[in-house]
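S.K.: These protein sequences, in sequence, are chains A and B. So the first sequence is numbered by this note's numbering: it starts at 6 and just counts up by one. So the second sequence is numbered by this note's numbering: it starts at 6 and just counts up by one.
In short, the hints are calculated from the structure, not lab data. Cβ atoms here follow ideal geometry from the backbone N, Cα and C, with glycine treated the same way. Be aware that one or more of the hints could be misleading.
[Claimed, not checked] Here are the computed distance ranges between Cβ atoms for each label pair:
#1 B:G114 x A:L15: 24 to 32 Å
#2 B:R104 x A:L15: 35 to 43 Å
#3 A:P192 x B:A219: 50 to 58 Å
#4 B:V14 x A:L180: 38 to 46 Å
There are 2 protein chains.
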Amino acid sequence: MQVKLVSNVLKANDQIAADNRRLLARGRTLVVNLMSSPGSGKTTLLERTIAELGEACPMAVVEGDLFTTRDADRIERLGVPVVQINTEGGCHLDAQMVRAALQDLPWEGRDILFIENVGNLVCPAAWDLGEDLRVAMVSVSEGDDKPAKYPRMFREAAAVVVNKLDLLSMTDFSLDRLEEDLRLLNPAAPIFCLSARTGEGLAAWVAWLKGRVAAKRDGAATVGVAP
Amino acid sequence: MQVKLVSNVLKANDQIAADNRRLLARGRTLVVNLMSSPGSGKTTLLERTIAELGEACPMAVVEGDLFTTRDADRIERLGVPVVQINTEGGCHLDAQMVRAALQDLPWEGRDILFIENVGNLVCPAAWDLGEDLRVAMVSVSEGDDKPAKYPRMFREAAAVVVNKLDLLSMTDFSLDRLEEDLRLLNPAAPIFCLSARTGEGLAAWVAWLKGRVAAKRDGAATVGVAP
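The following block holds chain A by itself, in its conformation from the complex (with noise of 0.2 Å):
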């Protein structure tokens, strides 16, 4: 019966999905879902990408978090339209939570739409949101056994980030093997390595992320992986 009900609240969660999604079409704005283990660093991506792509690519951001307006506090300072969502407990965010975010968000026009998830490698791989592409990040500091650890996180992975490389000498974090246990789930997607602190790397993330942009603004059927 668990595994019943659990399975409906899935499928309703995905009609809202489909909902959202053909919502956000209209306007063809790149829809990325953002999601890595607390702390990775996923407000500090998104607030150096702002810095660097925010005037060519105008954005708007949801926020994810059980509690607190901590990281909606930290984009709103860059001027950046943004809602906070609060699970109050929950582990993930889910397609209702979007939609209703989205109705106080002024997204239409805008280039990219990032939502941060909760801080989880597990439960949000789970919950289609209605976005476009989902991106896992990992920090060099967490290590190089997490997509072997975490799987479903990264093989829906459109992209991966590997953030931290500030700590890289730090660390006995491989490259080489995460990227060894990470092509078994996910042949193509990209691995991105970068330090969203000092800005290294970030080049090519941005230049991707302009792509997929472009890709989504040309109507391309899919401008990344489907989740």
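Using the hints provided, position chain B relative to the given structure of chain A.
M.R.: Frame of chain A; chain B shown alone:
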């Protein structure tokens, strides 16, 4: 209906956890539920704790992961009895999983049973496993905002470990900010700042554990904050 079902599942879990607690009390084994984000260094802390304290206080370990036996392999290499639980995608351990693991693990007569939970700051906090105490860990590279953002995990912790102290100077982590947020939730839990990698700061953690083992051996009613 969904809420009621979840509540029933949690109630069933609590009954099995109480059974686990009774079973484990017979052996006067201190049972520690170790929880953190993915990659905070739980297994490295266990490796280091075994090296420092394993001779004085014999241990056994239950490892929780979605997939892979990588963590159990690391513990096994140290000659400590270990059972790996694979949740097959599940985001936390539950009491039933631990009960099954105990049947395969020679825990009796050992001073400490460590249960390393799935890497997740959200879901494991809701599930009693039958432990004596909970330890919540965060690494400095994750940032000092984790207690405020994931309060349940930190509210119910008998101790908080701040790991990766060797990376401190490379981050903007502030122990004062973490402590300020933590004290709003949890006035008394000791905070152990350490580097499981280098061994710095480990002595206070090991001394505290020894004290908890002695309290358990003496039959103290509570050896930690009840979950």
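S.K.: Evaluate each hint against the coordinates.
M.R.: Against the structure, the hints come out as follows:
1. Between G114 of chain B and L15 of chain A the beta carbon distance is about 45 Å. The supplied range of 24 to 32 Å is therefore violated.
2. The hinted window of 35 to 43 Å between R104 of chain B and L15 of chain A is violated, with their beta carbons roughly 28 Å apart.
3. For P192 of chain A and A219 of chain B, the hinted distance range of 50 to 58 Å is satisfied, since their beta carbons lie about 54 Å from each other.
4. A beta carbon spacing of about 40 Å between V14 of chain B and L180 of chain A agrees with the range 38 to 46 Å that was offered as a hint.
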